[in-house]
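Visitor: Residue numbers (our numbering), protein chains in the order written: chain U, 1 to 397; chain C, 1001 to 1309.
In short, the hints are calculated from the structure, not lab data. Every value quoted in this text rests on a predicted model; they were computed, and no experiment measured them. Each residue gets a CB set at the ideal place from its N, CA and C atoms; glycine is no exception. Careful: at least some of the hints might be erroneous.
To be verified - Per label pair, the in silico range of CB-to-CB distance: (1) M1113(C) - R266(U): 25 to 31 angstroms; (2) R1131(C) - K340(U): 43 to 49 angstroms; (3) R1165(C) - G373(U): 52 to 58 angstroms; (4) Q159(U) - L1293(C): 44 to 50 angstroms; (5) I1187(C) - E268(U): 36 to 42 angstroms; (6) L1083(C) - R184(U): 55 to 61 angstroms; (7) M1113(C) - D332(U): 45 to 51 angstroms; (8) I1114(C) - G59(U): 33 to 39 angstroms; (9) G199(U) - K1296(C): 29 to 35 angstroms; (10) G300(U) - A1079(C): 45 to 51 angstroms; (11) R266(U) - G1135(C): 44 to 50 angstroms; (12) K90(U) - V1097(C): 30 to 36 angstroms; (13) I1114(C) - R354(U): 48 to 54 angstroms; (14) R354(U) - V1097(C): 49 to 55 angstroms.
Take a look at the letters that make up each chain.
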Amino acid sequence: MKLSKPIIAAGILAALASLPAAAFAERVKIGFVTTLTTPAGVIGEDMMNAVNLAVEHLGGRMAGLDVEVLFEDDNFKPEVGKQKTDKLVKRDDVDFVAGYIWSNVLLASSKTVLDAGKFLISSNAGPSQLAGKSCHRNFFSTSWQNDQAPEAMGEVLNQQGVKTLYIMVPNYAAGKNMASGVERTFQGEVVGKDLTKWGKDRQLDFSAELAKARASGAEGLFIFYPGSAGGAFIKQYQQAGLRDILPLYSVFTVDSISLPRFQEARMEGVLGSKSTMFWAPDLDYPANRRFVRDFKARHGTYPSFYAAQSYDTINLIDSALRATGGDLSDPDALRAAMRKADYESVRGPYRYGRNHLPIQNFYLREVVADADGDWTTSVAATVYEDHQDSYAGECNL
Amino acid sequence: MDWHLLISQLLNGLQLGLLLFLLAAGLSLIFGIMDFINLSHGSFYMVGALVGASVAALTGSLLIAALAAVVAVFVVGAAVEWLVVCRLYNKDHLDHVLVTYGLILVFDSVARMIWGPAGAAIALPEALNGRIEIGDFVIPAYRLLIIACGLLAAAGLYFLVTRSRLGMLIRAGASNRVMVTALGVNIDRLYRIVFAIGAALAGFAGILIAPLTEAHIGMGNEIIIIAFVVVIVGGIGSVKGAFYAALLIGFIDTLGRSYLDDVLKLFLSNQSAETAAPALSAMLVYILMAGVLVCKPQGLFSAAGFNRR
């Protein structure tokens, strides 16, 4: 076959054009799956901002490699999350897949990543399956197992002498984990439990459930409503006048995503309300001070715990690459480095259990107004020190 | 039996039913009279809530916010009819579905550009944030206001359709379009007004619910499916049917959420009742719809005289 001159010239041009790319192919690619549309998109935006800030703090490089982060939107749906994960693994050939707000999305997507021999890092979701029986050598988390914060809350309830409890959670994987977590440590009686509709046609009007909770005569109300559902819940809770007769104990509901909205709506009732968490904006570690200060300067609000976990995700990957000198070809070395959690986490030092979930402190956080009058959460007490999730024993790693 | 709880739950059911009615009334009119399937009806609900939230934040008045929301959505509805929908009346139902699904995406994206992904919250005045207590019986004041507004809107719509000249034209246009046109009535303008009224009702529902659930993108998509169930159960094109079906579904949904787990506990173990009740109560309204479709395929109150093209 004889090629015409223009085609040969074009071929040479193409080869030339691809040269610089080949010369600078030294880069690490990170896929980050989160929710950027739907009402839950506000969480994903917070995570994306934190990832970008972390990359910027690293100067855009990890152990000499350029960092490229590919964000994907899961649409708040497990099937879309899986599709996007497939794309990241198969077409983009990323080195790490991270992110995942929702337990059901993570569970639907994990197999794709792990079967391809890539690393999977959860920046939020902590379903019991991946912590226990389905744990995997290449799965890591910078967050927690779903049950842990509610377990800490059960402990708080015992300390405060609450004898009867009413539980309201959304009806999906994480909601059920939250309920079983608080039931595991709470020593009183659970007098009622509602699992409300969740997903595309989720329920945001809680009139019937709140009326039941009031009639149950419980001494406390435990809830888990992440994202914008939390705002709707707290408003209706306050309007129903339950604050004085049915104190609220929440996990993952009152955070810096919902607090500015509460303040805008002048809902003073949320001040002083308590939740349990592994991190707070005022935890006094150098990495945390820098993270919170720069995030606030850039975006005007406090970072949420979602943001803190996402920031740590990037730094965990960086720590692994620093340990291998930027060598991406040796998964065993990368894994061994990540297991050490040898980086400045915004939560302070922690270590990994055998299921690669953090063994870390849990704090009781209280909603307060800061020096500028902005509402935020502040550490009130330490509930657990070096707490490990209760599924780690089922993991055979 | 706890009577206070039962009365609370009946009022909660009434509130949900009336909100559904405001959405379904417009949907049913548009579906029944113009034979047009409008999937994007929920977007008017969202626009009402978001515009209302912004106006409330600017003026501090819920009343002005509600008026502004209704007027704004009326205008948006008329504009959408003029720009898009009026070209589709002679087309197939599948075209309606495709175009109005596209409209949902457009509305959601535009709302995201204007209001951001977080949406907007509405602060209630002190008086409405409280509760009304009669003896042991307590109900949030704002929920009573929703019930009152819903009943008023229903009465107004009843008057409009059955007693006014416009209503007469609407019913006539539905029965025989050609004859009404021959009598010199501008049927295009009539359709535009009906579409805009339907949109405005949805917008009104949006601003009513926003102080409870906040206004956010995609909120219409969360409720539009149930509104379609109301239309089907009530009978397509029948405002009266939409009213009774909406109340029926409001009560069934609320009472299902309140009492189903107790009922199931009578013959299941506690744990399986706890798991089965939420799944079953989410299905109840669809089971009702399936039952109605089997027994009365035209719906409970099918609109007699509406000619189907």
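Visitor: For every hint, state whether the structure bears it out.
Guide: Here is how each hint holds up against the structure:
1. M1113(C) - R266(U): 25 to 31 angstroms: With Cβ atoms ~27 angstroms apart, the hint holds.
2. R1131(C) - K340(U): 43 to 49 angstroms: 55 angstroms Cβ-Cβ, so the 43 to 49 angstroms window is violated.
3. R1165(C) - G373(U): 52 to 58 angstroms: The hint (52 to 58 angstroms, Cβ to Cβ) holds, given that R1165(C) and G373(U) are roughly 56 angstroms apart.
4. Q159(U) - L1293(C): 44 to 50 angstroms: violated (55 angstroms)
5. I1187(C) - E268(U): 36 to 42 angstroms: violated (54 angstroms)
6. L1083(C) - R184(U): 55 to 61 angstroms: Check passed, 57 angstroms falls within 55 to 61 angstroms.
7. M1113(C) - D332(U): 45 to 51 angstroms: Hint holds: Cβ distance 47 angstroms, inside 45 to 51 angstroms.
8. I1114(C) - G59(U): 33 to 39 angstroms: holds (36 angstroms)
9. G199(U) - K1296(C): 29 to 35 angstroms: holds (30 angstroms)
10. G300(U) - A1079(C): 45 to 51 angstroms: violated (34 angstroms)
11. R266(U) - G1135(C): 44 to 50 angstroms: violated (30 angstroms)
12. K90(U) - V1097(C): 30 to 36 angstroms: The hint (30 to 36 angstroms, Cβ to Cβ) holds, given that K90(U) and V1097(C) are roughly 32 angstroms apart.
13. I1114(C) - R354(U): 48 to 54 angstroms: holds (49 angstroms)
14. R354(U) - V1097(C): 49 to 55 angstroms: The hint (49 to 55 angstroms, Cβ to Cβ) holds, given that R354(U) and V1097(C) are roughly 52 angstroms apart.
Comparing the model with each earlier hint shows violations of hints 2, 4, 5, 10, 11; every other hint is respected.
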